[in-house]
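*Asks:* What follows is the residue order along each chain.
Number of protein chains: 2
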Amino acid sequence: MSILVVGSIALDTVETPLGKVVDSPGGSALFFSAAASFFAPVKVVGVVGEDFDFSIINFLGKKKVDLSGIRVEHGQTFRWGGRYQQNMNIRDTLYTHLNVFESFQPVIPPHYRKCKFVFLANIDPVLQLQVLDNMDSPSLTVLDTMNFWIAGRRQQLMEVIRRVDVIILNDEEIKELTGQYHLQQAAQKLLQWGPRLLVIKKGEHGAVLVSANDYFTAPAYPVNEVVDPTGAGDSFAGGFVGYLATCSRLTDLNFRKAVAYGSTVASFAVESFSFNRLREVSRRQIEQRYEQFRKMTHF
Amino acid sequence: MSILVVGSIALDTVETPLGKVVDSPGGSALFFSAAASFFAPVKVVGVVGEDFDFSIINFLGKKKVDLSGIRVEHGQTFRWGGRYQQNMNIRDTLYTHLNVFESFQPVIPPHYRKCKFVFLANIDPVLQLQVLDNMDSPSLTVLDTMNFWIAGRRQQLMEVIRRVDVIILNDEEIKELTGQYHLQQAAQKLLQWGPRLLVIKKGEHGAVLVSANDYFTAPAYPVNEVVDPTGAGDSFAGGFVGYLATCSRLTDLNFRKAVAYGSTVASFAVESFSFNRLREVSRRQIEQRYEQFRKMTHF
Chain V
1 MSILVVGSIA
11 LDTVETPLGK
21 VVDSPGGSAL
31 FFSAAASFFA
41 PVKVVGVVGE
51 DFDFSIINFL
61 GKKKVDLSGI
71 RVEHGQTFRW
81 GGRYQQNMNI
91 RDTLYTHLNV
101 FESFQPVIPP
111 HYRKCKFVFL
121 ANIDPVLQLQ
131 VLDNMDSPSL
141 TVLDTMNFWI
151 AGRRQQLMEV
161 IRRVDVIILN
171 DEEIKELTGQ
181 YHLQQAAQKL
191 LQWGPRLLVI
201 KKGEHGAVLV
211 SANDYFTAPA
221 YPVNEVVDPT
231 GAGDSFAGGF
241 VGYLATCSRL
251 TDLNFRKAVA
261 YGSTVASFAV
271 ESFSFNRLRE
281 VSRRQIEQRY
291 EQFRKMTHF
Chain W
1 MSILVVGSIA
11 LDTVETPLGK
21 VVDSPGGSAL
31 FFSAAASFFA
41 PVKVVGVVGE
51 DFDFSIINFL
61 GKKKVDLSGI
71 RVEHGQTFRW
81 GGRYQQNMNI
91 RDTLYTHLNV
101 FESFQPVIPP
111 HYRKCKFVFL
121 ANIDPVLQLQ
131 VLDNMDSPSL
141 TVLDTMNFWI
151 AGRRQQLMEV
161 IRRVDVIILN
171 DEEIKELTGQ
181 YHLQQAAQKL
191 LQWGPRLLVI
201 KKGEHGAVLV
211 SANDYFTAPA
221 YPVNEVVDPT
231 GAGDSFAGGF
241 VGYLATCSRL
251 TDLNFRKAVA
261 YGSTVASFAV
271 ESFSFNRLRE
281 VSRRQIEQRY
291 EQFRKMTHF
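Protein sequences appear in the order of chains V and W. Quick note, in our numbering, the first sequence goes up one by one and the last residue is 299. Quick note, in our numbering, the second sequence goes up one by one and the last residue is 299.
Rather than coming from a laboratory, the hints here were simulated on the basis of the structure. Don't take each hint at face value.
All copies of an identical chain are treated as equivalent in the list; a pair is satisfied when it fits inside any one copy or across any two copies.
Stated by the list, open to error - Derived DSS-like pairs (lysine-lysine); straight-line CA-CA distance at most 30 Å:
id, residue 1, residue 2
1, K257, K202
2, K202, K114
3, K175, K63
4, K295, K202
5, K62, K114
6, K175, K62
7, K189, K202
8, K189, K295
9, K64, K175
10, K114, K64
11, K189, K62
12, K63, K189
13, K295, K20
Note that the structure is predicted; figures quoted are calculated from it, not measured.
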């Protein structure tokens with residue numbers, strides 16, 4: 001089954017204690033695509049400026065990511081600069097130049113509309129609603145968002161939440177969204193608003209899946225060295241939705257496996273800057289780590 | 001197999017967003033005993049003042065905890081007062097009156113010396129060494145410690161570490177002890193110092209077990225309401241060592257199960273103040289939650 005992703009395409013300048021990259025490809029739509037394309041065909045909707053060199057994402061085309069929904073607008077590509085502190089859990093944003101992304105209007109090409117899986121990456125909820133309105137009849141819609149929209153576009157975000165099947169959030173975001181400190185209570189409150197299922201990302205502490213009838217915890221894979229955490233969340237989402245797009249039925253067990261695949265793919269993503277690791281890793285290596293992951297939690 | 005525990009016995013005054021108790025029984029030795037006694041006989045070494053009313057720990061005697069190693073010294077019992085903030089992960093110590101605990105010298109009664117399992121709760125490493133010197137030939141020795149001893153008694157603590165089989169620490173402590181930020185690297189460094197196995201407690205994020213040939217992660221059980229986290233770490237240790245004391249062999253799998261039992265018992269401990277929940281829960285309830293715990297992590 002094909003997957004649609006709508007999100008940002010950026011040129012990231014990232015500094016971590018282990019190195020630095022300048023204007024390397026990033027953004028939620030690309031990280032998601034790189035991760036999801038291990039499992040299923042992906043179609044991207046996004047925007048770049050005239051300065052964008054498509055050759056730097058050639059590898060996505062080779063992985064059957066459909067880039068025809070990326071529009072080139074007059075101006076510069078979205079640029080983000082950030083620096084991670086020693087412990088890698090804290091990052092300082094050095095600059096955010098939205099450029100052409102500021103006036104992004106997602107246009108869904110006709111041949112994208114039949115995608116059965118939809119990932120609404122972290123963009124303005126107003127745009128996320130437009131995307132939902134333009135899809136034929138998706139089997140599964142998955143939402144990501146962030147504090148900025150929770151605080152500034154609450155009403156529209158609530159409408160998206162009512163309409164999607166799955167929400168992926170981090171632990172801070174779900175607390176802010178629901179006003180509940182206690183994660184279990186926050187999750188229960190959010191489920192009452194409509195989604196079938198929540199995935200709460202806890203960074204180095206793994207992820208939790210909560211639905212009306214299931215509760216599942218997955219650790220983070222213990223990578224030897226985190227080189228760059230940028231894109232980990234979108235890579236997780238890519239592995240998660242990607243695996244689900246291969247399933248004939250969306251059972252509780254398959255959602256659990258999808259969380260484990262998401263964690264597995266994210267664990268590769270952080271092992272190098274930008275897409276460097278996701279570009280070289282094979283599906284076989286993903287399966288091997290997924291098996292190690294399973295063994296890590298068995299008792 | 002019998003378990004020896006040497007640690008503190010305290011009267012705790014604890015305030016959390018959900019209530020308050022005054023001078024209720026606590027301390028590492030008692031929390032450990034309450035937890036371990038679900039599984040195996042426990043023998044306690046500790047000290048109290050003349051003001052200590054043994055009737056408040058009657059229930060431990062009924063659970064076959066041998067209290068004959070508790071000495072009554074002239075003076076007042078150790079008292080601790082603390083207040084937890086809204087999110088329960090931060091606590092402020094209001095006072096620490098060591099009283100008779102300040103000059104505590106563990107005396108191991110002769111009938112305690114053949115205990116095959118030894119838990120050295122969080123006390124001065126100098127005293128922990130004395131305890132080790134006074135045991136016949138334990139099968140498994142388990143160490144707990146804290147930042148105070150890591151900073152102030154490093155040399156003696158290192159000697160204890162060289163002599164024990166298992167160390168239980170939280171994530172902050174292992175980083176401070178090894179000077180390594182990255183948890184995996186910190187664990188590898190600590191293992192080189194002698195212990196066979198480490199258990200890293202991560203509070204609401206669960207626990208990780210690391211040995212030369214095993215890596216296991218367990219989540220925390222998602223309790224509906226954390227009423228009082230005091231004693232959670234010692235209850236975890238009690239469930240962990242308690243389960244091991246029932247095993248005919250100390251295999252990797254049994255260590256994993258022990259972590260899960262530790263987490264299970266700790267999850268009950270935090271559901272009420274002091275020992276209130278551990279006192280009423282049954283072994284059957286522990287088994288039921290342990291099974292839920294297993295299901296929570298299966299995929």
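*Asks:* For each hint, tell me whether it holds in the structure or not.
*Replies:* Outcome of the hint check:
1. K257 with K202: For K257 and K202, the Cα distance is within 30 Å both inside one copy (17 Å) and across copies (24 Å).
2. K202 with K114: This pair counts as neither: shortest intra-copy Cα distance 33 Å, inter-copy 44 Å.
3. K175 with K63: neither (37 Å within a copy, 41 Å between copies)
4. K295 with K202: both (20 Å within a copy, 20 Å between copies)
5. K62 with K114: So K62 and K114 pass the 30 Å test inside one copy only (22 Å; across, 67 Å).
6. K175 with K62: For K175 and K62, the Cα distance exceeds 30 Å both inside one copy (40 Å) and across copies (43 Å).
7. K189 with K202: both (18 Å within a copy, 25 Å between copies)
8. K189 with K295: Classified as between: cross-chain Cα gap 23 Å, same-chain 33 Å, threshold 30 Å.
9. K64 with K175: Classified as neither; 37 Å inside a copy, 43 Å across copies.
10. K114 with K64: within (17 Å within a copy, 67 Å between copies)
11. K189 with K62: This pair counts as neither: shortest intra-copy Cα distance 42 Å, inter-copy 42 Å.
12. K63 with K189: neither (39 Å within a copy, 40 Å between copies)
13. K295 with K20: Classified as neither; 34 Å inside a copy, 42 Å across copies.
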